[in-house]
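As a plain string of letters, each chain reads:
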Amino acid sequence: MSPTLTLAELAAWLDADFEGDGDCPLSGLGTLQSALPGQLSFIANPVYRKYLASTRASAVIMTPDLAAEYPGNKLLTANPYEAYARLTERFDDRPAVPTGCHPTAVIGDGCQLAEGVSIGPQATIGRQVVLAEGVEIGAGASIGDGCHIGAGTRIAARAVLYHDIRVGERCVIHSGAVIGADGFGFALTADGWLKIHQLGSVVIGSDVEIGAGTTVDRGALDDTRIADGVKIDNQVQIAHNVSIGRNTAIAGQAGIAGSTTVGENCTIAGGVGIVGHLTIADGVHVTAMSLVTHSLHKPGSYSSGTPLAPTREWRRNAVRFKQLNELATRLKKLDE
Amino acid sequence: MSPTLTLAELAAWLDADFEGDGDCPLSGLGTLQSALPGQLSFIANPVYRKYLASTRASAVIMTPDLAAEYPGNKLLTANPYEAYARLTERFDDRPAVPTGCHPTAVIGDGCQLAEGVSIGPQATIGRQVVLAEGVEIGAGASIGDGCHIGAGTRIAARAVLYHDIRVGERCVIHSGAVIGADGFGFALTADGWLKIHQLGSVVIGSDVEIGAGTTVDRGALDDTRIADGVKIDNQVQIAHNVSIGRNTAIAGQAGIAGSTTVGENCTIAGGVGIVGHLTIADGVHVTAMSLVTHSLHKPGSYSSGTPLAPTREWRRNAVRFKQLNELATRLKKLDE
Amino acid sequence: MSPTLTLAELAAWLDADFEGDGDCPLSGLGTLQSALPGQLSFIANPVYRKYLASTRASAVIMTPDLAAEYPGNKLLTANPYEAYARLTERFDDRPAVPTGCHPTAVIGDGCQLAEGVSIGPQATIGRQVVLAEGVEIGAGASIGDGCHIGAGTRIAARAVLYHDIRVGERCVIHSGAVIGADGFGFALTADGWLKIHQLGSVVIGSDVEIGAGTTVDRGALDDTRIADGVKIDNQVQIAHNVSIGRNTAIAGQAGIAGSTTVGENCTIAGGVGIVGHLTIADGVHVTAMSLVTHSLHKPGSYSSGTPLAPTREWRRNAVRFKQLNELATRLKKLDE
Numbered sequence: 004m005s006p007t008l009t010l011a012e013l014a015a016w017l018d019a020d021f022e023g024d025g026d027c028p029l030s031g032l033g034t035l036q037s038a039l040p041g042q043l044s045f046i047a048n049p050v051y052r053k054y055l056a057s058t059r060a061s062a063v064i065m066t067p068d069l070a071a072e073y074p075g076n077k078l079l080t081a082n083p084y085e086a087y088a089r090l091t092e093r094f095d096d097r098p099a100v101p102t103g104c105h106p107t108a109v110i111g112d113g114c115q116l117a118e119g120v121s122i123g124p125q126a127t128i129g130r131q132v133v134l135a136e137g138v139e140i141g142a143g144a145s146i147g148d149g150c151h152i153g154a155g156t157r158i159a160a161r162a163v164l165y166h167d168i169r170v171g172e173r174c175v176i177h178s179g180a181v182i183g184a185d186g187f188g189f190a191l192t193a194d195g196w197l198k199i200h201q202l203g204s205v206v207i208g209s210d211v212e213i214g215a216g217t218t219v220d221r222g223a224l225d226d227t228r229i230a231d232g233v234k235i236d237n238q239v240q241i242a243h244n245v246s247i248g249r250n251t252a253i254a255g256q257a258g259i260a261g262s263t264t265v266g267e268n269c270t271i272a273g274g275v276g277i278v279g280h281l282t283i284a285d286g287v288h289v290t291a292m293s294l295v296t297h298s299l300h301k302p303g304s305y306s307s308g309t310p311l312a313p314t315r316e317w318r319r320n321a322v323r324f325k326q327l328n329e330l331a332t333r334l335k336k337l338d339e
Numbered sequence: 004m005s006p007t008l009t010l011a012e013l014a015a016w017l018d019a020d021f022e023g024d025g026d027c028p029l030s031g032l033g034t035l036q037s038a039l040p041g042q043l044s045f046i047a048n049p050v051y052r053k054y055l056a057s058t059r060a061s062a063v064i065m066t067p068d069l070a071a072e073y074p075g076n077k078l079l080t081a082n083p084y085e086a087y088a089r090l091t092e093r094f095d096d097r098p099a100v101p102t103g104c105h106p107t108a109v110i111g112d113g114c115q116l117a118e119g120v121s122i123g124p125q126a127t128i129g130r131q132v133v134l135a136e137g138v139e140i141g142a143g144a145s146i147g148d149g150c151h152i153g154a155g156t157r158i159a160a161r162a163v164l165y166h167d168i169r170v171g172e173r174c175v176i177h178s179g180a181v182i183g184a185d186g187f188g189f190a191l192t193a194d195g196w197l198k199i200h201q202l203g204s205v206v207i208g209s210d211v212e213i214g215a216g217t218t219v220d221r222g223a224l225d226d227t228r229i230a231d232g233v234k235i236d237n238q239v240q241i242a243h244n245v246s247i248g249r250n251t252a253i254a255g256q257a258g259i260a261g262s263t264t265v266g267e268n269c270t271i272a273g274g275v276g277i278v279g280h281l282t283i284a285d286g287v288h289v290t291a292m293s294l295v296t297h298s299l300h301k302p303g304s305y306s307s308g309t310p311l312a313p314t315r316e317w318r319r320n321a322v323r324f325k326q327l328n329e330l331a332t333r334l335k336k337l338d339e
Numbered sequence: 004m005s006p007t008l009t010l011a012e013l014a015a016w017l018d019a020d021f022e023g024d025g026d027c028p029l030s031g032l033g034t035l036q037s038a039l040p041g042q043l044s045f046i047a048n049p050v051y052r053k054y055l056a057s058t059r060a061s062a063v064i065m066t067p068d069l070a071a072e073y074p075g076n077k078l079l080t081a082n083p084y085e086a087y088a089r090l091t092e093r094f095d096d097r098p099a100v101p102t103g104c105h106p107t108a109v110i111g112d113g114c115q116l117a118e119g120v121s122i123g124p125q126a127t128i129g130r131q132v133v134l135a136e137g138v139e140i141g142a143g144a145s146i147g148d149g150c151h152i153g154a155g156t157r158i159a160a161r162a163v164l165y166h167d168i169r170v171g172e173r174c175v176i177h178s179g180a181v182i183g184a185d186g187f188g189f190a191l192t193a194d195g196w197l198k199i200h201q202l203g204s205v206v207i208g209s210d211v212e213i214g215a216g217t218t219v220d221r222g223a224l225d226d227t228r229i230a231d232g233v234k235i236d237n238q239v240q241i242a243h244n245v246s247i248g249r250n251t252a253i254a255g256q257a258g259i260a261g262s263t264t265v266g267e268n269c270t271i272a273g274g275v276g277i278v279g280h281l282t283i284a285d286g287v288h289v290t291a292m293s294l295v296t297h298s299l300h301k302p303g304s305y306s307s308g309t310p311l312a313p314t315r316e317w318r319r320n321a322v323r324f325k326q327l328n329e330l331a332t333r334l335k336k337l338d339e
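These protein sequence lines are chains L, W and P, in that order. Each residue of the first sequence is one higher than the one before, counting from 4 in the numbering used here. Each residue of the second sequence is one higher than the one before, counting from 4 in the numbering used here. Each residue of the third sequence is one higher than the one before, counting from 4 in the numbering used here.
Keep in mind the hints are simulated off the structure, nothing from the lab. The reader is advised that the hints may include incorrect statements.
The list cannot tell twin chains apart, which means a pair is met if one copy fits it or any two copies do.
What the hints assert, rightly or not - With a straight-line Cα cutoff of 27 Å, these simulated BS3-like cross-link-like pairs (lysine-lysine) come out: (1) K325 / K301; (2) K335 / K325; (3) K325 / K336; (4) K301 / K336; (5) K335 / K301; (6) K336 / K53.
Chain L extracted, bound-state conformation:
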């Protein structure tokens, strides 16, 4: 169950103004169209003002210039979307792992567990692991020997950290994520592939989120690095010795090959591939399912691929792609 808070309490917490009944109880958040009575809604884009008349929400977060359009209870703030984002934390009723160590968890020798650490059932914690204040380890998560996890970080159920991984503060690592598996390194010899043991580790900054099923490989000699504030969605693959700069966001199923450096404040869309040994500048945006095959030294948006079309129409054009060089050569001749 979400907590119930009054309009005035929420306004005070946000440091925002309100108009209407400050005692109005609010027990959840909803969009203008789907909010129920007793819930708080928000209008982040004026396009949605058409829904103001019919919303059943008991209060709405809005900019002051819209206040005259809505007679009901309202929270007034310059940035309603940010206010909504902040309030999601207040209404989050996610059940936390109880503080303390579940009796079925296995804790190795030499660990340091700070105050307020929570360890769920059947979690396995290796030897010499350091868990800072308030760290939460979900059911069945596996933390390898020698890992250091910073204060307030949450490792969800069944996530895996191999040995010697360092994670900063206030991170979230979701279920199915695997941090620190071997990078894909083999030397081709006369007898086939020879494994290059991966001797580096993974260093993750603070305020990083890592999605479900995402894999971040340990480095070959040096470490793989994820800087502060990086947000990584589900099923992303980060290869060995990659470095991701501060506040970069990477959407689902993107993949970054070995030794590539991605700058700060980049946004890498879903399904993007970035080949190995590249340098991507700060502020680069790559659109969905594009393949980056060379370094990008300037900020801006980049793309590859072809537009979607009905298959029959697409096929006629795709066949011509195989003649493109020939067509261009013929055109050049004609045009001379």
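Dock chains W and P against chain L, hints included.
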């Protein structure tokens, strides 16, 4: 070990006719080329009639019009492929989790476990979880607080359901799948990305299959929804607030971004990406690794991409792609 | 902690010559730029000879022709990269699972555990499982009934093998990998999709590595097969009845659809898709994110896709892709 059944028993079970020795014992299924004596085979496509003469199978499922071509034992039915599909269930020797609760499993307070529930070793079941009749929870699976799982549903080893997920009847959720992790929602603020806590859940219908390593995120405010009869392959990513219509099938490594609605009876091939906030009509087919960037209002097949070619040849054409607008402009001038 | 070995010991182990102080203690490996005093480095490409003057490494592996350029301690060998690769094993300080069976592991009836088997905490081993000498099962891994695992193979934490899987010797299967989940097989009937139970298994050869989050499905009737020496990176999808030939390497997030046969010594780059029922010859190389839609009968390199460009520029060209057939037709007319 698969069970042994006679030709007559299988015919009765399928409500099909047979010709030959009704007492012939059959202990498994195989293709015409690989079936061993004692096994049952099938011919679903007349292209394979050339193998009828040499098959070692002890009986063959076929349409009545082929019966004259094969002197051996046969099951006669209008749809041999469907008959084969139905019989796979009879010959499946998958070891089930024993009924009851393994002593190493951890069950939270307030759970309701119906008759015939099976819970494997080291599974963790949260508080207030409802497991209907015949639900099977594999070894080490993790079911969060407040989940409801319908009758006959099987959750494989090490699969993870976060809190408050609803799953219908007769579903299969494979190992490594993660249902209900946080959607990828952040608000960009002056201080970097601010997490939007994901307050919705995931609602999965009946007869749904979810493949290994697939992730289905919980909604931001409303729920992510998977309708009855949907089949999802491995390593598919379903983002927050997506809705998938009845009987739609989604192949491996496809990804569907946030708030997109996919209709009924669609087939989404492997590696397809669908960007967020789109509407895809019923009966849409998207071919492998295509990227859908706009809503599709009509049924039919859609594609993007370019054909495979030897790299040297491909490169010559790909370079010309970067001149395509210029080439088209020159052609237009010449043609005027 | 990595072990400390002397230059002379390492030279003897590699069967290589050395020059300089044979007693020089070496406790790790590093690149020429990042190695610390006490570490060993290597020069595999003459491009890096510029770093020889400034490296802080205490010894360097190099070819004899470079020896005159470097006055310090050195190991001389015809193939420094292979020597480095071999030495990574000597310096790998990965903590092994202790020999024996952790008291929290669950072992089913009828298992055969050879000498030197290690089973970590909360691993679950089914019935009739055979683990050969030196097999290592990580924390919380799940091994299904009837699996056979060859000598020296390591299954990392939380990896899952379904029932009846066969794995050869000296393999590594990383965390989050799922071997033997059901192939994606359904028959379309009047009532929707009918599950085809997957009665085959997975057979994995020796010296195979399978990355984190990779899924290898069990076969429908026959088995899915991975030959000796195959190396598979993270988040790769291998569908049912696929066969992968010896020493083929498959990079991250590639996907191979059902019943496709890939030859020996192929390299499949990251994000590549190969559709079902194809035959790929030995010695084929497919470049990143290409889609293979037809069989490839000759060795060589293959590609699809378009080059990356700034989005604005890309969009102008991509629009023209939809006119390609029309443009080609107009050009042909003009050119007649």
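Each hint tested on the structure:
no. : hint        : verdict
1   : K325 / K301 : between (31 Å within a copy, 19 Å between copies)
2   : K335 / K325 : both (17 Å within a copy, 15 Å between copies)
3   : K325 / K336 : both (19 Å within a copy, 19 Å between copies)
4   : K301 / K336 : neither (36 Å within a copy, 34 Å between copies)
5   : K335 / K301 : neither (32 Å within a copy, 33 Å between copies)
6   : K336 / K53  : neither (58 Å within a copy, 48 Å between copies)
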